[in-house]
Amino acid sequence: MKRSSSKPDLYIVYRLLKILKEHGPLSKTSLALYAKLNYQRAVAYLQHLSDAGLVELEKEVALTRKGYETLEKLEEVLKNLGVTHRDNQK
Amino acid sequence: MRFRKRLLNCVELRWAKRLYVGYAVVLYSLYLAEAAGLLKGVADGVAGLWFLPALAAAVIARRKLLKIMGEQEAALALMELVSKDPYFCTAAELTVRAIALFGASLLVAMVASYWLRNTIGIVLSLTLFTLLYSRATGRELKRLREELELVERMKKAYEEVKL
Numbered sequence: 001m002k003r004s005s006s007k008p009d010l011y012i013v014y015r016l017l018k019i020l021k022e023h024g025p026l027s028k029t030s031l032a033l034y035a036k037l038n039y040q041r042a043v044a045y046l047q048h049l050s051d052a053g054l055v056e057l058e059k060e061v062a063l064t065r066k067g068y069e070t071l072e073k074l075e076e077v078l079k080n081l082g083v084t085h086r087d088n089q090k
Numbered sequence: 001m002r003f004r005k006r007l008l009n010c011v012e013l014r015w016a017k018r019l020y021v022g023y024a025v026v027l028y029s030l031y032l033a034e035a036a037g038l039l040k041g042v043a044d045g046v047a048g049l050w051f052l053p054a055l056a057a058a059v060i061a062r063r064k065l066l067k068i069m070g071e072q073e074a075a076l077a078l079m080e081l082v083s084k085d086p087y088f089c090t091a092a093e094l095t096v097r098a099i100a101l102f103g104a105s106l107l108v109a110m111v112a113s114y115w116l117r118n119t120i121g122i123v124l125s126l127t128l129f130t131l132l133y134s135r136a137t138g139r140e141l142k143r144l145r146e147e148l149e150l151v152e153r154m155k156k157a158y159e160e161v162k163l
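From first to last, the protein sequence lines are chains C and V.
Take the first sequence: its letters are residues 1 to 90, numbered as in this note's numbering.
Take the second sequence: its letters are residues 1 to 163, numbered as in this note's numbering.
No wet-lab data here; the hints were simulated from the structure.
Certain hints may be false.
A few chain C residues facing chain V, derived, Cβ under 10 Å [as the list claims (entries may be wrong)]:
(1) K28
(2) L33
(3) V83
Derived DSS-like pairs: lysine-lysine, alpha-carbon spacing no greater than 25 Å straight-line [to be verified]:
(4) C:K18 with V:K17
(5) C:K79 with V:K40
(6) C:K36 with V:K67
(7) V:K5 with C:K66
(8) C:K21 with V:K67
Computed from a prediction, not measured in an experiment: that's the story for all the values here.
Even for Gly, the Cβ is constructed at its ideal location relative to N, Cα and C.
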């Protein structure tokens, strides 16, 4: 996501949501580090996710119920396409 | 299904298309400039670099793929590409295969022309191309059907999850 108006990349959205699910609430800096994203880029994504109601941006970043549901939906879609967690480790 | 490999091919083909369009525009402009007498011999030099856009596309695609971690992210990235232009990658891949077959049959005809008369060369290359193409098409049809089914599934999946 280079400009604030452009559409976010779905795979980065998935990465951020997955990290938040696995680690719980995190600071923006930690989240950017875990996601291997540049801080500015991570903040732009988080703002987008917050606008979409998928995360709560306070002192720390946390997943909302809608965020959990979106992540589950993404995982279900991936499962239907035949991609599993195990494929990532290959 | 190896989504990472599919994504790499798809990104590479998209960049190759963009770069070759740019290359064709530059080449055409150079030929026009030469025809107008403004330049001399540059267009032929640039034409000799026909492989550069393909090389650049391969490098760009590999660099882009470095940012994607694992099969799941690759599947999501591919889903986004497919939603923008559903059949581009399938069509482009088939075109590339046809060009490769044509090149191979031309090469065989060129080699054969050392022993045969030159006039037979064209006939031989066309016959070889037709033969190879029909055989390859037959073999590829099943894969193509699976590919198109996957594209449809990805398009549908993207509609479900797009933000």
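Each hint, compared with the structure:
1. Interface hint at K28 (chain C): violated, since its Cβ lies 19 Å from the closest Cβ of chain V, which is beyond the 10 Å cut-off.
2. Of the supplied interface hints, the one on L33 (chain C) is violated, with its beta-carbon coming no nearer than about 14 Å to a beta-carbon of chain V, more than 10 Å.
3. Hint status for V83 (chain C): holds, given a least beta-carbon distance of 5 Å to chain V, under 10 Å.
4. Between K18 (chain C) and K17 (chain V) the alpha-carbon distance is near 34 Å, which puts this suggested pair outside the 25 Å criterion.
5. Distance check on the hinted pair: K79 (chain C) and K40 (chain V) sit about 59 Å apart at the alpha-carbon level, beyond 25 Å; violated.
6. The hinted pair formed by K36 (chain C) and K67 (chain V) meets the criterion: a straight-line CA distance of about 9 Å does not exceed 25 Å.
7. Restraint check for K5 (chain V) and K66 (chain C): the C-alpha separation of about 32 Å exceeds 25 Å, so the hint is violated.
8. Between the alpha carbons of K21 (chain C) and K67 (chain V) the distance comes to roughly 21 Å, so the proposed pair stays at or under 25 Å and holds.
Violated hints, listed in ascending order, are 1, 2, 4, 5, 7; each of the other numbered hints is respected by the structure.
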